Amino acid sequence: MEKPRINPGGWKTVNIKEFLEKLGIKNIKNIILSGNEAIALGALAAGCRFYAGYPITPSSEIPQKMAEYLPLLNGEFFQPEDEIAAMGMTNAASACGIKSMTATSGPGFSLKQEEIDWTINNELPVVIIDAMRIGPSTGQPTKPASADINCIINGRHGDGGNCVIVLSPTSVKECFTLTVEAFNLSERFRTPVIIALDGFLSHLSQNIDLPEEITVFDRIYKEKGSPFGLDGNIASFVPIGHGKGVSYGGLIHDECGNRISFNAEIAEKTIEHFIKKQKSIIPAIIKEQNKWYNLWEEYETDDCEYLIAAYGATAKAAQESVMNLRKRGIKIGCLTLKMLWPLDDKIFKRFRYAQKIIVAELNTGQLVKYLYEYFPKLLVASFNKWRGEPIKTSELENFCKNIIQEQKCKNLAMMTSPSIISLTKEISPKNEGAETYVFKNEILEEAPIELKGKYSFCPGCGHQSFSGIFLRAAKDAGLTTKNTVIIAGIGCGGIVGTTFRADVIKTSHGRTLNYARAIKMLRPDLNVIVISGDGDLVNIGGNHLLHTAREKFPITIFCLDNKNYGMTGGQPSATTPSGSKTSIFFQLKNLFYNGLKIIGLIPSHSHPLDLKKLFYNGLDVEFFATTTMIGLNEIIKKAITKSKNGFSFVQVLSNCTTYFAKKNPELVSKEILERYCGIWERENENND
Amino acid sequence: MKITIEILGKGGDGTQTLASIIGEAAILENKNFSSYPVYDAAVRGGASNAYIIVSDKEILNTVAEKTDITIDLNSEDENLKIDDEFKKNKKLLGMFLVGAIIAKLLKKESLITAIKNNVSEEYYLQNIKAFEAGVAAGTTEK
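Taken in order, these protein sequences are the chains called X and C. Mapping of the first sequence onto this note's numbering: position 201 corresponds to residue 201, and the numbering continues sequentially without gaps. Counting from 1 along the second sequence, just add 688 to a position and that's the residue number in this note's numbering.
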């Protein structure tokens, strides 16, 4: 894919007939589509050009369609090793300025949560489809439910973790329309939009007419301004890979993107930004009403005494029940919620006079708990079904009849007003104790990468030496602020990259390679450099590392291998040599192996991974080197050059002077370390 | 007219293809159509049913209430005389039953067009033969 042109953003129209002709679809009227197919077409029409996803029932037809159509539109499709990688790649594509989407089901959604929190923190527009099925864990994979509502809205850790938008289509046609709207909302408000897709709709087929024309919103890009929002405002977007020195990451950050790990005011300000942003979404939509699809559809509500509130496929049962009950003279109406989160009193206040609010859901009652904030609990009746079967009109209709007959509650004269959090406190921004880099939103002069801030590593730490040697070698290898993206992980090794004045992505723990791969796919012109530690790359990120090597991705990885987890206190990692002393004291244990009683260490810590054997001998990678700081300069240059042809991995033996090296001086002597050193590359097998 | 059709079968029997065929034929006659599968996790041999609604009006709730017509590939319809060659092959049995039952509801020509669009060329003639036999058996139903 060519370097994406940055457009200033805003609304535009797309002619659906012309667009679908590019995909070989000639008809837009009276065509049969399943919900999954309609979602794929809606995403593409809205401008989605990147899809990464792991197959899972009942969402699997979405990736199938995306894989078929994306190449025709010069887009990228990728099926990575797991759900977490898929979400990371979707984030990375969005950071490049490309509209991206992933789809999954409940079990996969649980895995994605960590990365979705990262998306929220970085205010990146992405769309996630959760085709919901019944049960905890694997449940009944083919049976539908709306059972993930709670986890979609509030399943992530940390305050601000619910700064997302949740949509719920009610029909196949709305699978198309609301997917377009999901992209528009995510681009407009710079936040992930999750489509809580009733699993029933995934496989429902209907004949539908697609709209002739849709309106599409592209994220706002201005030449000036900070990359992140403040005080609930939506900032203009700054993409990775355009030489602006923008930095994305999981830590709390100020509006310039500086990582702030030790400042109470910025922490408070950031959390409040997310809450204010979330609270501002519905008022903004109501203000721009003519631009948006009707997200709160009312049916027969003008004179209604009773109200059914429903969403997903259940909303159709609700509408049909209203139709039937009206024929019997019952004044009942229906409110269809197509946006489940955020919620706002503006949507509900006019129904507060109703005799009874019936909330119909295909679960044990998840959204109803959020509605108690807007309606007195006594007035609410909850209709629920959790059998893995959709709701029949007759079932809901009978329930309504009974409720209306039994209705003895009088309209409460005293209505409790909902408690809406109001944040009025003024906060004067202060930046003390933080990084001092001021993001200017200017394209940096094409220059070698330099340090932008200082970070104090422990005295004698190998990482500090690596940082200096890397910057010198990178300069010689031709890496500049314009042609390079640095991907950093978590831990001591992850800090190194974030001190550079360059485009930097600091990912969640272990997820560096997902971002690296997506960026390389979308921007092959860039040098993608991963710098992280052994715990991040080999332990928690081991699966991604294995698969990136197998896929022979042309990226360079510097694994700052200090043989332990330095930042958390010296616990053993996958490269810790057998028998060495770490902060975890092993008791000798009786282990049973093939019926024989043997005495040994806890096995997970007693057999270190030989990275050279694994990657060079096992996976045929292009370049592998193990090195100390001596000779590192040349190896860095070589690794960067070799990565043009394939996977290039450098294991940098870096001493942890606080933990590992201090406790095991005999294992880090020059003579011992040099035993492991070497360069193994494909053309020159002499060293092997 | 609003008719709910239920197709009962096992994974690999072609029940979902039958649903597509009925759907395509229905929209050729400007009728509205909806269909959803109810199936087990196994690819082959598990239950694989389809619930179809064909209607002149807009279909609001697509969830089937009661079924008007059943095409059951699991058990034999005693009212129909089915040739052994179709009984042996569930896919052909399906075509036979569509001919015998659905051709009374939708036009024969629409169904043939839909079969053509949903069945590979290699098996087309075989399927049409089963369909036509079904149509004939349907008209002489006991």
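Possibly wrong hints are sitting among the right ones.
[Stated by the list, open to error] Here are some chain C residues the structure puts well away from chain X; computed CB gaps all over 12 Å:
{"id": "1", "residue": "E712"}
{"id": "2", "residue": "N718"}
{"id": "3", "residue": "V726"}
{"id": "4", "residue": "I747"}
{"id": "5", "residue": "L768"}
{"id": "6", "residue": "D772"}
{"id": "7", "residue": "K776"}
{"id": "8", "residue": "N777"}
{"id": "9", "residue": "L793"}
{"id": "10", "residue": "I800"}
[To be verified] Pairs of lysine-lysine residues, derived as DSSO-like cross-links and limited to a Cα-Cα distance of at most 27 Å, are as follows:
{"id": "11", "chain 1": "C", "residue 1": "K745", "chain 2": "C", "residue 2": "K778"}
{"id": "12", "chain 1": "X", "residue 1": "K612", "chain 2": "X", "residue 2": "K581"}
{"id": "13", "chain 1": "C", "residue 1": "K817", "chain 2": "X", "residue 2": "K29"}
{"id": "14", "chain 1": "X", "residue 1": "K173", "chain 2": "C", "residue 2": "K745"}
{"id": "15", "chain 1": "C", "residue 1": "K804", "chain 2": "X", "residue 2": "K401"}
{"id": "16", "chain 1": "C", "residue 1": "K817", "chain 2": "X", "residue 2": "K26"}
{"id": "17", "chain 1": "C", "residue 1": "K804", "chain 2": "X", "residue 2": "K369"}
{"id": "18", "chain 1": "C", "residue 1": "K745", "chain 2": "X", "residue 2": "K29"}
{"id": "19", "chain 1": "X", "residue 1": "K392", "chain 2": "C", "residue 2": "K769"}
No lab work stands behind these hints: they were computed from the structure. Every value quoted in this text rests on a predicted model; they were computed, and no experiment measured them. The C-beta atom is built at its ideal place from N, Cα and C for all residues, glycine as well.
Hint by hint, which ones does this structure get wrong, listed from lowest number up? Hints 1, 2, 3, 4, 11, 13, 15, 16, 17, 19 not satisfied by this model.
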